[in-house]
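**Q** For the protein sequence lines, the chains are A and B, in the order given.
Quick note on my numbering: the first sequence kicks off at 1 and runs consecutively.
Quick note on my numbering: the second sequence kicks off at 1 and runs consecutively.
Do not rely on the hints blindly, as some may be mistaken.
Where chain A lies over chain B, by a calculated footprint (3+ residues, C-beta under 8 Å) [as the list claims (entries may be wrong)]:
1. 42-55
2. 69-79
3. 112-123
Derived from the structure by calculation, the hints contain no laboratory data.
Computed from a predicted structure; not experimentally measured.
Beta carbons are placed, not taken as given, at the ideal position from N, Cα and C, and that holds for glycine.
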Amino acid sequence: MKMSFKRTNSDLARLDGKKFGLDQIMTILCFLILTTVVILPVVMIIYNTFWDGSKIDFEMFVRVIFREENLSALKNTVVIAFFATLLATAVGTFFAWLLGRSDIPMKGFMKWLFSIPFMIPPFLAAMAWDMMFSGRGGYVNRFLMNIFNLRNAPFNINTVAGIIVIEVIYYFPFVYMQVVSALERMDPTLEESARIAGAKQWYVIRKITLPLTIPAISSGMLLVLITSLSNYGIPAMLGYSKNIFTLPTKIVDLVNRAGGDFQGIREATALSVVLVIVVSIALFVQRKVLKTGRYDIIKGKSMRPTLIKLRGAKYPLLVLSLVFLTIVVLAPLVIILLVSLLRAYGLPFSLENFTLNNYVKILVDNKAVTDSIRNSIFLGFGAGFICLFLGVMLSYVIYKVKPKGSGVLEMLAVLPYSLPGTVMAIGCILAWSGAVFGITLYNTIWIILVAYIARYLTYTLKSCSASLQQVHLSLEEASRACGATHMESLADITIPLIKPAMVSSFFLVFLPSMRELTTSILLYGPNSRTLGVAIQQLRSNGYMTQAAALSVVAIIIIMVLNAIVKSITKDRKGV
Amino acid sequence: MAKVKFDRVTVKYGDHTVIKDYSLEVQAGEILGIVGPSGCGKTTVVRSLGGFLNPDEGEIYIDDELVYSKKRRVNRSPEQRRLGIVFQDYAVWPHLSVWDNVAYPLKKRRAAKDEIAKKVKHALEQVRMTGYEKHMPAQLSGGQQQRVAIARALTSSNDLVIMDEPITNLDAKLREGMLEEIRAMQRRLKTTIIYITHDQEAALQLCDRVIIMQQDGQICQIGTDEEIIEHPANRFVFSFIGVSNFIPVTEDQGRYYLWKKDPALCYASQAPQGYLAGKKNVMGIRPMDIVFDDASPIKAVITQDVFLGSLFNYFVRLNDVELRVQRSTLDSLDGREYHEGDTVGLRFLNEKYYDEEEAV
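Could you build the full structure based on these sequences and the hints that come with them?
**A** If you want it as structure tokens, here you go:
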């Protein structure tokens with residue numbers, strides 16, 4: 001049997017660990033990319049906070065923290081996050097139990113309602129609620145004042161409490177999603193044996209079901225907590241006009257007011273450090289509190305849990321849930337749609353006031369708006385594809401090549417997940433304004449792309465690595481033994497096997513990029529507005545009806561794309 | 001047909017040495033079984049041969065051609081070693097049809113289209129999977145996927161196929177049939193097969209020669225099935241290849257006792273064959289080799305009797321120790337029946353003696 005020796009030289013070099021094989025090249029690339037995209041912005045923030053150009057400077061940091069308006073922003077952030085998390089967890093867990101475990105009718109419809117908030121960007125939802133309940137101007141407030149002859153507006157959404165309520169409404173589906181899947185996969189014999197042992201229904205729920213779902217509840221809670229602490233859209237839409245600031249909105253405000261002045265940006269950096277510290281404390285506390293009590297209650301195979309009969313409470317609960325969900329989910333959509341059709345904001349909703357003019361104005365006459373749509377689509381595709389490529393490569397390196405330091409790689413890649421978008425944006429400004437190799441991306445669309453990549457890389461990494469871990473090593477080895485080179489076995493076996501995960505992870509990045517506001521509000525330049533920025537600017541310039549019209553366009557684009565993703569991923573599963 | 005040679009191969013994982021100075025020659029055209037308990041390094045041997053693992057020392061040859069030597073800086077990549085591997089978990093690619101799975105090695109080796117078609121057809125005939133070409137792996141049973149894996153190994157190499165616990169995941173009946181088929185197929189094709197398993201019975205049934213490895217990665221014995229069954233090299237091999245009783249034996253003034261110097265436990269008055277003079281002896285004996293004989297002075301009480309169809313399985317109590325005895329159903333045609341509570345005489349046949357100090 002004849003064999004060629006042509007690869008021997010490189011192979012024996014690999015024995016000494018010197019060879020730059022495919023695996024090694026990918027490993028080095030991963031380290032390089034993560035360093036530039038993730039570490040650099042973080043380092044720049046810390047560097048600029050404590051280095052004033054000539055010496056180490058803690059004084060500025062201390063001064064910024066203890067300024068009264070910043071302290072109040074810090075307080076607002078914590079208060080809002082705390083109550084929003086608490087309430088969202090309660091509401092989300094309740095609905096999860098109702099839909100996962102009780103015999104309430106119309107589950108399919110309610111589950112469908114739950115999927116809608118995920119598609120609407122938080123700042124749009126906040127804008128819609130603002131249109132309904134902001135002081136005397138809100139449509140619902142005015143309606144109530146007319147009916148009941150009230151002198152003052154019954155609700156005022158532009159308060160800390162208002163922000164909390166809207167965050168709860170927007171975030172409780174996060175908890176619901178986590179908990180319902182745990183409940184549906186929970187081994188039903190655990191509850192059945194308690195019933196058999198003589199426990200009453202309510203006792204079983206309290207003592208068995210609830211404690212067993214704690215891991216799921218806590219991961220939902222964590223998600224809400226981090227999202228709320230870092231959220232920019234909701235407090236910006238609801239609090240800005242009444243000077244209610246949270247850390248993220250305060251940071252954006254500082255940067256905007258600085259107008260390019262470096263000292264102002266440094267103050268924003270200092271606040272960013274505070275925000276990161278708050279998020280880290282939250283993460284730490286959450287981990288400490290929930291360390292106890294991890295159970296392996298969820299079996300891999302799906303089982304049909306026994307449904308609990310609600311008996312007399314069934315229809316009252318149904319009505320309550322339907323009313324609540326419909327208001328929460330559909331009201332913002334309806335109000336945005338209605339406003340988008342008005343000739344002028346403030347006019348009553350009657351047929352003679354309706355027009356399609358707003359759509360014509362934004363889609364035909366306004367170049368800034370059409371550019372913003374184009375930019376967002378470009379950013380969605382760009383970030384989607386790049387994150388997909390990086391995510392596949394990273395997960396391959398971390399889980400299959402397993403080089404020294406793969407733990408560091410993984411940590412770096414998931415770091416942006418807990419890093420608020422505002423902070424990431426500040427880091428990008430500092431890193432890409434000529435500080436490194438004189439590269440200046442500021443005011444171009446590329447800086448937004450880099451920020452999106454840093455923020456959303458975690459999504460593709462998680463999705464791809466979950467799928468890759470299910471591809472057993474022997475599948476690849478089998479193809480090597482069959483005569484395929486490393487590259488060929490990747491192309492023929494590994495990549496095709498994780499393709500479904502790749503498709504869905506692309507959209508996991510594409511969709512949030514399309515509707516992003518938090519980072520782009522800080523990074524946009526004259527020619528690089530995104531959809532979110534365009535809506536925000538129309539609104540703050542007083543073109544409420546046009547802002548609503550653009551929102552409708554954005555929601556339609558997102559929903560259509562979402563439907564496409566769903567049909568694609570469904571097809572894949574069928575094979 | 002291909003030969004394989006391992007020359008003093010050592011593999012370490014960190015501080016843990018899995019196999020040390022492992023030497024082994026596989027003859028062309030034989031089925032060689034590598035048998036040992038889980039974790040003894042069988043799979044390490046295969047992975048070194050396949051090129052998925054770089055040993056720390058030693059050389060590996062396939063057909064007199066050096067494929068790996070750290071010292072001489074040779075390391076052929078897996079695709080250059082031209083072998084077929086059947087993995088324990090089948091490793092049939094779920095996204096490719098049966099035909100594409102089996103044709104893959106030929107495509108990678110740039111075979112002509114009509115040659116591919118011919119060889120795939122032939123390989124599928126060998127594993128009796130003709131007619132399943134268009135099926136996806138998910139539509140096949142475990143046994144069928146196993147056949148596809150074997151067919152793929154055959155198209156990958158006519159000369160050398162490694163099977164790593166290929167039938168462990170199949171049910172008992174299917175295992176039996178699969179073993180016979182592998183055997184028959186190998187007789188037709190004369191492929192060299194290295195068969196890895198922890199199932200000593202399957203290995204003895206299938207293989208021309210068997211290598212028994214012990215927990216620390218050492219080879220205890222290499223031999224044909226008969227050699228291994230008749231002459232286990234040590235106590236480990238004896239106990240590994242079948243159910244066994246071990247009884248310490250002692251000698252006093254030319255008389256041989258079980259356990260202790262007690263007239264009721266004296267079973268021989270001259271040195272039994274294989275007795276190790278001057279050592280502490282342990283007698284190893286198979287259940288089939290203990291026979292009931294009323295004439296024997298060693299008396300035991302039956303504590304349990306179970307009829308297993310082709311044989312009777314007994315537990316007898318002797319000196320407060322339970323021994324396992326088996327009696328072929330044919331032997332009980334003499335009309336004697338033994339039941340729980342009966343006292344019986346025991347005679348020992350073909351017993352083996354091992355040094356008690358020897359590590360197990």
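**Q** Any hints this thing doesn't respect? Which numbers, in order?
**A** Hint check: 3 fails alone, others pass.
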